[in-house]
Amino acid sequence: MLIHSRIPLRYVFKKLKEDALVIILIGLAVHYISAYYINRIPQMPSNIPAFLGTAISVLLSFKMSQSYDRWWEARKVWGAIVNDSRSFVLQLQSFVKESTNPMVKTLAYRQMAWCYSLGQTLRGLDPLEGLEAFLPASELQHLATHKNKPLAIIQLNAQDIKNLIRREELDAYRHVQLDATLVRLVESMGKAERINGTVFPVTYRVFLHFAIYLFVITLSFSLSEIPLIFELPLLVVLSSVFFLLEKTAYHLQDPFRNRPSDTSVTAIARTIEINLRQLLNETDLPQPVQPNGFYIL
Amino acid sequence: MLIHSRIPLRYVFKKLKEDALVIILIGLAVHYISAYYINRIPQMPSNIPAFLGTAISVLLSFKMSQSYDRWWEARKVWGAIVNDSRSFVLQLQSFVKESTNPMVKTLAYRQMAWCYSLGQTLRGLDPLEGLEAFLPASELQHLATHKNKPLAIIQLNAQDIKNLIRREELDAYRHVQLDATLVRLVESMGKAERINGTVFPVTYRVFLHFAIYLFVITLSFSLSEIPLIFELPLLVVLSSVFFLLEKTAYHLQDPFRNRPSDTSVTAIARTIEINLRQLLNETDLPQPVQPNGFYIL
Amino acid sequence: MLIHSRIPLRYVFKKLKEDALVIILIGLAVHYISAYYINRIPQMPSNIPAFLGTAISVLLSFKMSQSYDRWWEARKVWGAIVNDSRSFVLQLQSFVKESTNPMVKTLAYRQMAWCYSLGQTLRGLDPLEGLEAFLPASELQHLATHKNKPLAIIQLNAQDIKNLIRREELDAYRHVQLDATLVRLVESMGKAERINGTVFPVTYRVFLHFAIYLFVITLSFSLSEIPLIFELPLLVVLSSVFFLLEKTAYHLQDPFRNRPSDTSVTAIARTIEINLRQLLNETDLPQPVQPNGFYIL
Amino acid sequence: MLIHSRIPLRYVFKKLKEDALVIILIGLAVHYISAYYINRIPQMPSNIPAFLGTAISVLLSFKMSQSYDRWWEARKVWGAIVNDSRSFVLQLQSFVKESTNPMVKTLAYRQMAWCYSLGQTLRGLDPLEGLEAFLPASELQHLATHKNKPLAIIQLNAQDIKNLIRREELDAYRHVQLDATLVRLVESMGKAERINGTVFPVTYRVFLHFAIYLFVITLSFSLSEIPLIFELPLLVVLSSVFFLLEKTAYHLQDPFRNRPSDTSVTAIARTIEINLRQLLNETDLPQPVQPNGFYIL
Amino acid sequence: MLIHSRIPLRYVFKKLKEDALVIILIGLAVHYISAYYINRIPQMPSNIPAFLGTAISVLLSFKMSQSYDRWWEARKVWGAIVNDSRSFVLQLQSFVKESTNPMVKTLAYRQMAWCYSLGQTLRGLDPLEGLEAFLPASELQHLATHKNKPLAIIQLNAQDIKNLIRREELDAYRHVQLDATLVRLVESMGKAERINGTVFPVTYRVFLHFAIYLFVITLSFSLSEIPLIFELPLLVVLSSVFFLLEKTAYHLQDPFRNRPSDTSVTAIARTIEINLRQLLNETDLPQPVQPNGFYIL
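The listed protein sequences derive, respectively, from chains A, B, C, D and E. The letter at position 205 of the first sequence is residue 205 when you use full-length UniProt numbering, and the numbering goes up by one with no holes. The letter at position 227 of the second sequence is residue 227 when you use full-length UniProt numbering, and the numbering goes up by one with no holes. The letter at position 229 of the third sequence is residue 229 when you use full-length UniProt numbering, and the numbering goes up by one with no holes. The letter at position 197 of the fourth sequence is residue 197 when you use full-length UniProt numbering, and the numbering goes up by one with no holes. The letter at position 216 of the fifth sequence is residue 216 when you use full-length UniProt numbering, and the numbering goes up by one with no holes.
Misleading hints may appear alongside valid ones.
Copies of the same chain look alike in the list, so a pair counts if it fits in one copy or across any two.
Said to hold, decoys possible - Keeping only pairs whose Cα atoms sit at most 30 Å apart, straight-line, the calculated DSSO-like set for lysine-lysine is:
{"hint": "1", "residue 1": "Lys97", "residue 2": "Lys147"}
{"hint": "2", "residue 1": "Lys247", "residue 2": "Lys162"}
{"hint": "3", "residue 1": "Lys105", "residue 2": "Lys17"}
{"hint": "4", "residue 1": "Lys147", "residue 2": "Lys162"}
{"hint": "5", "residue 1": "Lys247", "residue 2": "Lys15"}
{"hint": "6", "residue 1": "Lys76", "residue 2": "Lys247"}
{"hint": "7", "residue 1": "Lys247", "residue 2": "Lys97"}
{"hint": "8", "residue 1": "Lys147", "residue 2": "Lys14"}
{"hint": "9", "residue 1": "Lys14", "residue 2": "Lys97"}
{"hint": "10", "residue 1": "Lys147", "residue 2": "Lys247"}
Everything labelled a hint here was simulated from the structure, so no lab data went into it. Here the structure is a predicted model, which is why all the values come from computation and not from measurement.
Could you build the full structure based on these sequences and the hints that come with them?
Here's what the structure looks like:
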């Protein structure tokens with residue numbers, strides 16, 4: 001997640017480099033073509049690029065909204081994970097006959113492990129990294145054989161909740177209520193996987209870039225009487241507004257890619273860890289994740 | 001679902017062929033009409049096509065949003081199917097007295113069959129194809145008499161859950177919780193059928209095409225002083241931005257048509273199969289569905 | 001619901017007749033006023049109609065979205081009715097001790113009657129027509145005294161479910177789960193009534209027509225130098241884009257009016273009947289409702 | 001709620017009076033300033049008011065959408081109240097051991113009183129007016145001491161439901177299901193209060209008016225060569241499109257203000273009363289609320 | 001929350017000061033550059049700033065919608081807190097065997113404390129300030145050790161509900177229903193924290209400001225023939241429409257910052273306190289929070 005501190009210009013311009021170069025080449029090409037065939041190429045009416053600018057704005061507006069919605073939904077999903085993780089521990093303490101039952105702590109630790117593991121799975125990192133702080137080695141070995149580690153962690157929790165019932169530490173009625181919390185966690189996991197695995201319709205991006213280049217070409221033809229030294233910066237600056245917005249939308253739409261604009265899943269998992277440890281009355285708490293310059297992951 | 005790999009130009013242009021031809025014919029017709037009646041046809045004010053361009057952008061923006069919403073809702077529905085399939089098996093293992101009860105596996109296999117069958121039903125393919133891997137021949141025969149196969153599969157599962165109760169393997173309380181999962185699966189099925197069976201208001205598409213052709217005609221009249229060799233490509237390229245966006249929206253709005261832009265229901269059903277088999281501790285897992293060039297189904 | 005088959009031009013133009021006539025009259029009036037007072041009326045700047053066109057597009061975009069939402073919500077409500085009707089019968093078969101209990105069939109038939117009756121009530125038709133296939137004469141007489149027939153049908157079902165409990169065919173726990181399904185059906189009924197009974201803010205439509213006529217007047221003044229034979233068709237064609245879109249939105253916003261663009265509630269009720277009869281193992285099934293030319297009701 | 005019958009012009013123009021006067025004064029002022037300083041004031045480029053018109057359209061579109069959403073949400077809340085009132089009585093009849101228990105009628109009458117009282121509270125009217133038809137004098141006295149009457153009515157119902165349990169007319173399980181209905185009613189009440197009590201960000205309205213006046217000023221400068229007799233009506237008519245839309249949105253956003261555009265809460269409460277009385281088998285039913293000319297409250 | 005009373009101009013202009021100064025400097029710079037290099041700088045075509053104006057409007061429209069959604073969601077979350085606080089006390093009175101049980105009052109007071117504490121936590125104020133009116137000193141000491149005070153208050157309530165069960169004042173069935181209310185409160189808390197802690201994508205704001213300045217620069221070049229005394233006010237007034245809208249959106253998107261445009265969490269918490277005290281039959285009620293001039297917090 002980008003934070004409010006000053007964003008380095010380098011971060012912004014890195015996104016723009018290639019496109020700016022193409023724009024300059026287009027501007028130069030159009031200029032020399034116009035100069036060479038000056039009598040044979042008619043004047044481009046200025047309302048052509050203007051109309052294209054409107055069409056591009058509409059397209060961008062559509063894409064910005066949908067990309068933002070994906071990003072915001074991803075954040076909502078992780079907000080729901082925070083809420084359900086807290087509720088899960090509150091429910092365990094409230095539902096299990098003896099609050100001091102060590103199983104409460106075991107289940108809570110597995111929940112912390114689940115949060116970290118889900119975040120790393122989504123980002124394509126090692127889903128078991130760092131889990132040795134929460135899980136015994138035997139469970140880590142068991143998880144290693146599973147393709148979907150977070151799902152396997154939830155299965156372990158479901159099995160241990162069943163064990164609580166066998167030992168009559170939990171009744172059927174509250175079992176079902178705990179199960180409802182697990183169902184919500186499975187849902188959040190699936191929603192995050194859906195956002196991560198569903199490619200935003202790629203043709204929109206292709207047509208958008210096509211339209212922006214068309215805009216640049218028609219604009220440079222219609223500005224062909226203006227000296228190159230004024231025309232080129234104008235072309236680059238005007239088209240860069242479009243390119244920058246498109247890039248921002250493009251990054252928002254996939255919020256689990258290890259990029260500065262990602263949903264800060266590690267920081268959220270850490271917050272959950274701190275909250276759950278305090279609910280368990282632990283006093284040795286980890287530090288919140290600190291921002292990495294202008295962003296936090 | 002289109003994936004990030006390079007989309008073949010052929011795929012894009014195939015969509016455009018017919019419309020481009022019509023545009024060229026319109027351009028030629030307008031050109032020769034203008035040339036012939038040159039003194040009798042007044043100059044088309046250039047703000048007429050410009051205003052039409054704006055109106056078309058607004059229409060397109062509306063259609064793109066609603067089509068995207070249908071496509072995204074279809075994906076959400078299948079995401080919910082993933083979640084509820086996983087929860088269903090976790091609940092069975094947790095709720096049935098003996099986890100080793102063979103009925104758990106029977107119910108889980110029927111759930112996998114349901115996912116494949118629903119996907120094929122939505123796409124208009126044979127809804128029973130490949131189900132022999134999950135269901136005994138007798139059940140397949142029973143299903144053959146049903147008009148709505150996925151609904152009949154859920155009914156079989158509901159009956160077997162009732163049998164679990166008769167044998168006192170499940171209590172009333174957990175029965176209701178399992179039933180809530182079945183209700184959600186029936187809902188997801190119905191939602192997918194709704195998206196599949198509801199025709200997007202067709203008049204919008206008709207009026208949109210009408211407006212685009214009107215745009216081309218007025219634009220070609222207003223450009224009639226420009227040589228044909230510049231005018232025709234400009235007409236085609238400008239109108240193709242509109243046509244391509246409309247086609248993309250048109251394909252998105254019906255995501256179960258066996259097209260490259262479909263929701264990838266087979267791949268999702270396979271993911272569910274792999275997940276459920278692992279939850280059942282099976283080790284002989286099928287491979288995930290591989291992309292078919294630039295898309296995955 | 002309009003279907004994909006070719007929509008007759010007659011259907012489209014019938015919507016347009018009156019407005020086209022008014023447009024032509026305005027065009028003629030403006031033309032002769034301009035011709036008569038030619039020296040006294042200044043030239044209308046062409047950006048006045050252009051700016052009005054933009055404002056109208058924005059208005060239309062707003063109205064199209066909200067009308068579409070009403071139409072889509074109506075379809076979603078009927079989708080929920082499909083889902084809950086199916087779930088209702090699955091639950092009855094699963095919850096009632098003896099699946100062969102004749103009350104299951106009675107309740108399922110009343111549910112089919114409810115679907116037909118609700119559809120006809122919404123469309124302002126006779127809500128009891130055709131219900132003799134599902135309900136005994138005594139119940140039809142009882143319903144005749146009720147103002148809200150579908151609500152009375154649900155009350156009958158609720159009473160019979162209570163009778164099941166008296167005869168200990170159903171326990172309290174599953175009673176509540178069945179009740180939850182009835183609550184959802186009551187909700188769907190109320191939502192459809194809300195869409196049907198809530199008038200879309202009428203002033204928007206008035207102001208929209210006002211703006212379109214203003215657009216035509218200013219446009220015809222600004223085109224007053226163009227010969228009438230070119231100006232009139234242009235005026236009609238341009239304004240008809242707006243009128244057609246407005247009419248489409250206007251029809252979508254009230255989807256229970258016995259119009260071709262209606263939500264196809266009869267066809268949906270028939271689908272429910274077929275599904276429920278098959279769940280009851282009946283083999284004598286009715287045919288699905290067939291399209292009526294270019295639409296299905 | 002405005003209904004489909006012809007809206008009196010008086011109702012529309014009353015909204016416009018003041019703004020039209022200001023527009024005329026601005027037009028006159030600009031005209032005489034331009035005439036006096038004719039050589040010193042440069043021509044206003046016509047794209048300045050055009051660009052402002054676009055910006056205003058965008059602003060208006062935003063405001064119309066959000067205002068409509070508030071209005072539609074208010075209607076949805078009252079739709080939910082209809083549904084939950086019906087479900088509440090159906091549940092009471094189904095859950096209470098003896099359907100003839102007089103407490104069912106008492107609770108249903110209190111629910112009717114709650115609907116009327118909530119509607120009047122939202123509109124700032126006397127929340128107890130007319131409740132003597134549903135509640136005994138002693139309860140009305142008790143309510144008089146409460147600041148939030150509808151909340152106090154729900155508390156009375158919750159207490160009487162508890163009394164049903166004490167007399168073993170209701171079991172714990174169904175108690176919880178009835179409580180869920182009360183929770184939903186408390187939610188609907190709170191949602192209506194939220195819409196009623198949350199001021200739409202006022203600065204948007206201020207800036208919108210500011211932009212419309214700026215539009216009028218720049219437009220009248222750019223039209224300064226046109227005779228006053230044509231310019232003034234044009235200014236008034238063009239700006240009135242904006243003002244009328246803004247006023248409509250402004251009225252929609254606060255749907256409980258005793259205005260013709262209000263949500264028709266009295267009519268809805270009457271519908272609920274009729275429905276509930278019929279569910280109680282009463283035959284002496286009140287008449288539905290009749291429209292008051294062009295609207296219904 | 002800003003209220004309807006007249007907003008001081010000072011509040012509006014304070015937002016504008018810096019940007020207006022920059023605009024004036026840009027205007028002056030462009031003017032003198034144009035005057036100096038008059039023959040070498042070509043005329044800026046007026047459709048460049050016009051096209052930028054459209055692009056900015058689209059951007060603003062996107063940002064205004066998303067910011068409004070955050071603000072409205074924040075208000076909805078606090079509305080849900082109102083509803084669940086009321087339901088919580090109604091449920092306690094209804095579920096606990098003896099309504100006179102002093103634990104009901106203890107739990108209700110902790111709920112009031114939770115509301116105040118959550119509001120203050122969100123605004124970055126002392127989360128324990130004023131809680132001595134609701135909580136004993138020992139609990140305040142316990143809370144002081146917790147990082148997330150509201151979460152710790154809910155844990156205290158969950159523990160006391162468990163104590164009610166130990167003393168058989170509450171049964172398992174109603175326990176679960178009360179737990180569902182706690183789960184919703186945990187959700188509301190998490191949602192408010194999410195809105196508060198998620199930075200709106202900062203790059204949009206940067207690019208928006210970039211585009212507005214670009215608009216001003218190109219506009220001032222295209223107006224360079226107009227005398228400075230007319231050009232500068234026009235530049236400031238036109239760009240201020242954009243800046244004011246952006247500032248309003250910027251403030252709405254973070255509704256817990258102790259600003260006049262904040263969600264009025266203190267006033268809402270007071271309303272809850274008054275409601276809950278009346279439900280407990282207390283007569284010594286606090287006053288509602290009064291507006292602070294043109295806003296209420």
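Hint check:
In this homomeric assembly, lysine 97 and lysine 147 come within 30 Å of each other (Cα to Cα) only across copies, at 27 Å, whereas the closest approach inside a single copy is 35 Å. Taking identical chains as interchangeable, the C-alpha atoms of lysine 247 and lysine 162 are never at most 30 Å apart, the minima being 48 Å within one chain and 52 Å between chains. Taking the shortest Cα distances, lysine 105 and lysine 17 never come within 30 Å of each other, neither inside one copy (52 Å) nor across copies (56 Å). In the homo-oligomer, the alpha carbons of lysine 147 and lysine 162 lie at most 30 Å apart inside one protomer (23 Å), although the nearest pairing across protomers, at 32 Å, exceeds that limit.
Proximity of lysine 247 to lysine 15 under the C-alpha cut-off of 30 Å is found in both arrangements, the shortest distances being 7 Å within a copy and 26 Å between copies. Taking CA atoms no more than 30 Å apart as the test, lysine 76 paired with lysine 247 passes in both settings, with 22 Å inside one copy and 25 Å between copies. For a Cα distance limit of 30 Å, the shortest separation of lysine 247 from lysine 97 qualifies neither inside one copy, at 54 Å, nor across copies, at 54 Å. For a Cα distance limit of 30 Å, the shortest separation of lysine 147 from lysine 14 qualifies neither inside one copy, at 36 Å, nor across copies, at 39 Å.
Neither within a single protomer nor between protomers do lysine 14 and lysine 97 lie at most 30 Å apart by alpha-carbon distance, with minima of 58 Å and 59 Å respectively. For the homomeric pair lysine 147 and lysine 247, neither the shortest alpha-carbon distance inside one copy (33 Å) nor that between copies (38 Å) is at most 30 Å.
Violated hints, listed in ascending order, are 2, 3, 7, 8, 9 and 10; each of the other numbered hints is respected by the structure.
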